[in-house]
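Asks: As a plain string of letters, each chain reads:
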Amino acid sequence: GAGVSQSPSNKVTEKGKDVELRCDPISGHTALYWYRQSLGQGLEFLIYFQGNSAPDKSGLPSDRFSAERTGGSVSTLTIQRTQQEDSAVYLCASSLVATPSNTIYFGEGSWLTVV
Amino acid sequence: ILNVEQSPQSLHVQEGDSTNFTCSFPSSNFYALHWYRWETAKSPEALFVMTLNGDEKKKGRISATLNTKEGYSYLYIKGSQPEDSATYLCASLYGNNRLAFGKGNQVVVIP
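First to last, the sequence lines map onto chains G and U. Be aware that the first sequence starts at 3, since it is given in the numbering used here, and climbs by one per residue. Be aware that the second sequence starts at 4, since it is given in the numbering used here, and climbs by one per residue.
Derived by calculation from the structure, the hints in this document are not laboratory data. Just so we're clear, the structure is a prediction, and the values are computed from it rather than from any experiment. Just so you know, even glycine gets a beta-carbon here, dropped at the ideal spot from N, CA and C. Watch out, some of these pointers could steer you wrong.
Now the stretches of chain G that chain U is said to cover, found in silico as 3 or more residues with beta-carbon under 8 Å [unchecked claim]:
| # | stretch |
| --- | --- |
| 1 | 43-51 |
| 2 | 82-88 |
Simulated pairs of lysine-lysine, DSBU-like, Cα-Cα distance not exceeding 35 Å [claimed, not checked]:
| # | chain 1 | residue 1 | chain 2 | residue 2 |
| --- | --- | --- | --- | --- |
| 3 | U | K106 | G | K17 |
| 4 | U | K106 | G | K13 |
| 5 | U | K62 | U | K72 |
| 6 | G | K17 | U | K62 |
| 7 | U | K45 | G | K17 |
| 8 | U | K72 | U | K61 |
| 9 | G | K59 | U | K81 |
| 10 | U | K61 | G | K19 |
Work out the full structure, taking the sequences as your base and the hints as a guide.
Replies: This is the structure in structure tokens:
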């Protein structure tokens, strides 16, 4: 079946502009995650959605970052007033349910460059 | 946030040779340990999810072991092939819903 789908694959934006990154999780997966990897760093947790529960936003680096998940499926990560330090690959992932033994599947990422 | 460390950061391996690398993580409040293989321009591919102390898992020529008491996991590649060239990521699950990743082991297999 189809994996986790992300768009756009690549985005170059000017400093100060807003960007939206989209994620289509695997059908039927109730848990959805956003991570990012900046140059030279490991993957960093941003936000987690589980079904209709309130999301865990504890990883969002600033209030310029927000995310929503509509209808328990598609998610959008929005970065307002982008800064150069926001340049990174943003990875979305999903899993059937959020239990320790479940595999978490990642998309190919959205590569964001802020110039 | 958990501190997950991987070593060595990068390594070159001759085709046909076997190799291994280490992931260390805090042993307290352990939930699960994930291994991924990440090739350039592709999505990270899930290799293993391990939860029990002493777990050993195998997928083809790649295998992994887990020691939750001392907080480490080993990943082994037997008879390395050029297609094994990738970055291998380990991640420890914490808070039951988020992964703390190491910076990866970058492997280059030399034909």
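Asks: If a hint holds in the structure, say so; if it does not, say that too.
Replies: Against the structure, the hints come out as follows:
A count of 6 residues in the stretch 43-51 of chain G with a Cβ less than 8 Å from any Cβ of chain U is obtained; the coverage claim is therefore met, three being the minimum. Closer than 8 Å: that is the beta-carbon criterion, and the stretch 82-88 of chain G has 0 residues meeting it against chain U, so the requirement of 3 is violated. Between U:K106 and G:K17 the alpha-carbon distance is near 27 Å, which keeps this suggested pair within the 35 Å criterion. A C-alpha spacing of about 24 Å is found between U:K106 and G:K13, which places the hinted pair at or below 35 Å, so the restraint holds.
For the hint linking U:K62 to U:K72, the alpha-carbon distance of about 24 Å falls within 35 Å, and the restraint holds. Among the hinted pairs, G:K17 with U:K62 is inconsistent with the structure: their alpha-carbon atoms are about 44 Å apart, more than 35 Å. Between U:K45 and G:K17 the alpha-carbon distance is near 27 Å, which keeps this suggested pair within the 35 Å criterion. In summary, the hint linking U:K72 to U:K61 is supported, as the alpha carbons are separated by about 21 Å, within the 35 Å threshold.
For the hint pairing G:K59 with U:K81, the CA-to-CA distance comes to about 40 Å; that exceeds 35 Å, so the pair is violated. For the suggested pair U:K61 and G:K19, the alpha carbons sit about 46 Å apart, so the restraint of at most 35 Å is broken.
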